[in-house]
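Visitor: Below are the chains, spelled out letter by letter.
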Amino acid sequence: MPKAIKSITNPKLSINILSDEEVLQIHQATLHTIESVGVRFPSQKALSLWREFGAQVDPGTQIVKVNSDIIESALKNAPPAYVLGARTREQACPLDGNHVFLATDGCGVEVIDINTGKRRPSCLQDVADIARVADGTEEIGFHWVALSAQDKPAETRGLHEIRAVWQNSTKHIQTESIYSEAEAHVAVEMASAVAGSAQALREQPVLSIMQCTASPLGQDGGSIEAALIAAEAGIPIGFMTMTANLTTGPATLAGNLVVGNAEVLTALALIQLAYPGVPIFYAAAQTASDLRTGAYTGGGPEDFLYGAATNRLANFYNVPLSMGAFATGAKEPNWQAGLENSLSAFMACVSMSDMLLGAGFLHGSRIWSYAQMMLDCEIFSIIHKMMAGIEVNDETLALDTIASAGPGGNFLTQAHTLKHMRELFLPKFMDRRPYNTWEEKGDDARTWALDRARQTLENHFPEPLDPKLDAALEEMILGLEGNTEHTQRA
Amino acid sequence: MNQAHFEKMSQSIVNGDPVLATSLAQNALDMGIDPLDAITQGFVVGVDLVGAAFSKGDAYLPELVMAGEAMKAAVAVLEPEMHRRGTERKTLGKIVLATVEGDIHEIGKSLVGTMLSAAGFEVFDLGVNVSTAKIIEKSKEVKADIIGLSALLTTTMVKQKEVINSLINAGLRSAVKVMVGGAPVTREWVEQIQADGYSEDAIGAVDIARQLVGLS
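Sequences listed follow chains A and B, in order.
Counting from 1 along the first sequence, just add 1 to a position and that's the residue number in our numbering.
Counting from 1 along the second sequence, just add 620 to a position and that's the residue number in our numbering.
FYI, nobody ran anything at the bench for these hints, they're computed from the structure.
Everything hinted at is true.
Partial selection, computed: residues in chain A whose CB lies under 7 Å from chain B: (1) Val110; (2) Ser149; (3) Ala155; (4) Ala215; (5) Thr248; (6) Leu292; (7) Thr294; (8) Gly295; (9) Ala296.
All residues carry an ideal CB built from backbone N, CA and C; glycine is no exception.
Just chain B, with the same shape it has in the complex (with noise of 0.2 Å):
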C-alpha cells in the first residue's frame, strides 16, 4: 500500500509535476504517512533517478530543474508535521545565497539554489540587489555553512570580495565558506579575493558545495 504510493512520489518528481508532488505528499500526511518515510522513500527516489539520468546523457537541465522544483513542493508540504513530530530532515548544510548588491541578474543563482536544494541542502534565497550587511546578517542568523555569491558585472563581482572582507572584519570568516559565481568569475578572481569555491555552472556549484562541507 505504502509502497505503491511511494512509487507515484517518487514518479512526481521524475515528470517534474509540482502540483502532483503536492497533493501526494498531503495524501501521505493524511493516511498517517511518517513524513520523514515520504521523503526518503518516495520523492527523493524520484530526485536520485532524475540525477542518475542525467549524469548518464539521458536527462536535460530543464528535466533536473523541474525534479528540484517538485521536490521543493513536496518538502514545504511535509515539513510542519516534520517540526510537529520533532523529525528532521537531516540536510547537507545550510546555504544563504544571493545576487549582490548593484546586480539585478537572478536567473543562474536561482538555478544553483534549485539544484542546491534539490541536492539536499537546505537554501536561503535572499534574491537580488542585496547588500552585504544583509548577506552577513541572514547568514549569521540560520548559522550558515556555506555563502553563495552571485554577481553578472564585472562592476558587481567587486562586491563579493566586499562580502569576504566583511566576514574577516566581523571574525566570522572561518565560520563560513564563501563560494561565488557568475560569467565573469575566473579562478583567478576567485584566488584573489580567498574565496573557498566556485563554479561555472548549476552542476559544479554543487559538487563544490558537497565538498565544502566535507562530502566528496
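Bound conformation, chain A alone (with noise of 0.2 Å):
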C-alpha cells in the first residue's frame, strides 16, 4: 500500500508580509531591471531564441534586454495549476494554490552514515536509501535527489539518481541535478517510459526539473538549454533563485528579491516564448550572507521573511512556487536546527508555498543527517496541525461536555473526549517523559529520530519497478555514457 501523503490545506492561518502596493513596486522594479540591465543568458541556443522573441540581445557579453510587456505577456500564458505526478496515482501532488508538499532538500555531498554515525562523501546507494526512507514517510510528499551519487560519472550522474529515487518510490521526484541537454533528452526518455508514454507524461509528470539560476543577474547555460528540452516534453520546469544579501544581492531585503525575481522571471518567460502553456514554477531560497565571512548562512530571519515574501510574488505571477525552507546552518540536530527549520518552514507553510523543500541537511544543505530529515518531517506536522487553526461550532464549543463534567469534574471520561482527543497532536519525537526517566536513558529525540529512520530503512519496500522498465531504464543510461565516452575519445 502506498503511503497516503499528508499536506496542508484549507488553511485557517495566514499572513500580511507585502501589501499589494509593495509586491507592485517590487514587481516594476524587477521589469525596469530586466529592461534597462539585463540578465546574462549564457547559451546561442537561448541568446537565438530572445532574439527572434524581441529581445535586445548583446553576443559579446551575452546579456538580454527584455521590454516589459515581453515577460508580462509571456508569463501570462503559464498554468496557474496542474499535478505533479506519482509512479502511483493517489500519490499526486496537486499543485493548485491550496496544498502545501513537503520534500527533502538537495543535493548534498555528505551523509551521516545511518550506521556507523561517521560523516563522508555521498554515493547513489545513499540516494537509493534516502528515497526508501523519504517513501515510507507521511510527510514527505515528493522528492528532490538529496545528495550527490559522487561514484558515478559527472554527466549521467543525475540520470542514475532518478533511476536510483524511482526503484526506490513511487512518489514524484524534482531533480535539481540535470546540467546539460544530453542530460535533459534522456530524463525525458525515461520519464516517458516510467509514465507509460509521452503522453501520459505530459498528463501526470512523474519527474519535474528545478534550475538554479547563476545569482547575480545571470543564467547557466546547460541548466537553461536542459530546461528547454524538458519543457518541450511538458515536464514541469522551475528556476531557483539564490541571491544573498551582500554578495550576490543588495543587503536590502527588497532589493534582494529584485535581484532573484528578474533572474527568475527572465527564465521562465523564456520557456513560455519558447513553449506557450508548459507548466512551469517559481523556486527561491534566497538568505543573507554571513556579515563576518560572507559565507552561505541557511537561516536566519531574512530567510525566514524570505520563505513568505516569494509567495507573495509566485502568487502575484500564478504560478507555482517550490521553496526552499529548512537548509539550517547547524552543524548538527540541535537548538540552531529546530529553530532556523521550524520558522523558516512556518512562514513558507502559512503562505502557503506549493512547494516546501527540504527536509533533512545540515550546515547548510551540504551534511545529510536521517535524524534530522526525521525531526523536520516533525516539524512539517507540527505546522500542519497548526494550519488548521481553531474549529469554532456547535460541536467544538462541547457546551453539552462543559456543563456535564461542570465544576470541578473532569474531561477525561467524557464521549466528546474519546470522539475528539486524536485531533491533538502527538509528537513522535517531543521529550514528555518524566525527568528522571530522562536522567536514566539519556536519549533524546535523536537518538528516536535515528532510530525511526533505521527501521523504515529495515522494513519499508515501496512497490518496485517493473524489472523489465528498470533494464530500460538503464540502457537509457549506458546509451549516454557510451556516447560521452565516444565523444571524449573523439
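Since each chain comes alone in its own frame, lean on the hints to assemble the complex.
Guide: The following block contains the structure:
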C-alpha cells in the first residue's frame, strides 16, 4: 500500500507580509532591471530565441534586455495549476494554491552514515536509501534528489540518481541535477517510460526539473538548454534563485528580492515564449550572507521573511512556488536546527508555498542527516496541525460536555473527549517524559529520530519498478555514457 | 607634509574609496613621493587598520573587500613608476586563481582574489570556466607559488583533481602549491585529490595561502 501523503490544505492561518502595493513596487523594479540592466544567458540557443522574441541581445556580453510587455505577456501563458504526477496515481501532488507538499532537500555531498554515524562522501546507494526512507514517511510528499551520486560519472550522474529514486519510491521526483541538453533528452525518455508514454507524461509528469540561476542576474547555459528540452516534453520546469544579501544581492531585503525575481522571471518567460502553456514554477532559497565571512548562512530572520515574501511574488505571477525552507546552518540536529527549520518552514507554509523544500540537511544543505530528516518531518506535522487553526462551531464549543463535567469534574471520561482526542497532536520526538526517566535513559529526540529512520529502512519496501522498465532505464543511461565516452575519445 | 598625505592615503583605504585612493596615488607621484613609500607608509597602513578592526569584530566583510578594492586601485597607479625606478613591492607570493572548466561561479573566487591581493599576494585571476591547460600555462608563465581553484558544482569539482593530475604529469607538482575551494569541497576531498590546502571562506583562504608560502 502506498503511503497516504500529508499535505497542508484549507489553511486557517495567514500572514500579511507585503501589501499589494509593495508587491507591485517589487514587480516594477524587477521589470525595470530586466529592461535596463539585463540578465546574462550564456547559451547560443537561448540568445537566438531571445532575439527571435524581440529582446535586445548583446552577443559579446551575452546579456539580454527584455521589454516589460514581452515578459508580462509571456508569463500570462503559464498554467496557474497542475499536478505533479507519481508512479501511483493517489500520490500525485496537486499544485493548485491550496496545498503545501514537503520534499527532501538537495543536493548535498556528504552524509552522516545511518549505521556508523560517521560523516562521509555521498554515493548512489545513499540516494536510493534516502528515497526509500522518504517514501515510508507520510510527511514527505515528493523527492528532491538529496545527495550527489559521486560514484557515477558527472555527465550522467543526474540520471542514475532519478533512476535510483524511482526504484525506491512511488512518489514524484523533482531533480535539481540535470545540467545539459544531452542529459535532459535521456531524462525525458526515462520519464516517458515510467509514465507509460509521452502523452501520459504530459498528463501525469512523474518528473519535474528545478534549475538554479547564476546570481546575480545570470543563468547557467547548460541548465537553460536542459530546461528547454524538458519543457518541450511538458515536464514542469522551475528556476531557483539563491541571491544572498551582501554578495549576490544588495544588503536590503527588497533589493535582494528584485535581483532574484529578475533571474527567475526571465528564465520562466523564455520557457513560456518557446513553449507557451507548459507547466512552470517559481523557486527560491534566498538568504543573507554572513556579515563576517560572506558564507551562505542557511538560516536567520532574513530567510524566514523570504520564505513568505516569495510566495506573494509567485502568487502575483500566478505560478506555483517551490520554496527552499529548512536548510539550517547548524552542524548537528540541535537548538539552531530546530529554531531555523521551524521558523523557515512555518513562514513558507503560512503563505501556502506549493512545494516546501527540504527536509534532512545540516550545514546549509551540505550534510545529510537521517535524524534531521525525521525531525524536519515532525516540524512539518506540527505546522500542518497549526495551519488547521481553531475550528469554532457548536460541536467544538462543547457546551453539553462542559455542563456534564461541571465545576471540579474532569473531561477524561466524556464521550466528546473520546470522539475528538485524536485531533490533538501527539509528537513522535518531543521529550515529555518525567525528568527522572530522561536522566536514567540519557537519550533524546535525535536517538528516536535516527531509530525511526533505521526501522523504515529495514521494513519499508515500496512497490518496485517493473524489472523490464528498470532495465530499459538502465539502457538509456548507458546509451548516453557510451556516447559521451565516444565524444571524449574523438 | 608627507605624513599628512600618508594619513589621507590610509584613510582612503579605511573608507574603501577607490576613487580617492587613485587620486591620492596620482598626487603622490606628482609630488615626487617614492611610490614604494606611498604604499608602505600610506595605503598599507589603512589595510592593516581595517584588518585589525575586522579581527576585533568591529568591521564586516564588505568593509574588508572595499578596502582591498581601494588598495588595488592605488597600487595600479603606483606600479608603473615603481617599475621605472626598478623598485618592486615585496609581495608574499604569486597566485594563479581560476574557477575550473564547466563552472561559471565567479563571486567566491573573486572575493578570495581580493582578500589575497589585499593581504599582499600578487594575484592573477583568470576568471571562470578556465581550462586545465590554460591554468597550467599561466602558472608556468608567471612562476606561480600557488594555484587557487574554485568549483561550486559537484560535477565540476573533479576538474580540481584534473589540474593536480596534469601538474603531476607535467612534472610541475613540486614547484607549486594547490589550494581549492567552493561549497562542495570538504577536507576529505582535499585529501583525496592531494591538494595542499582549502578553506570554507575567503578569510580562511588568506591564512592558508600564507601557510603555503611558509608564513604563519
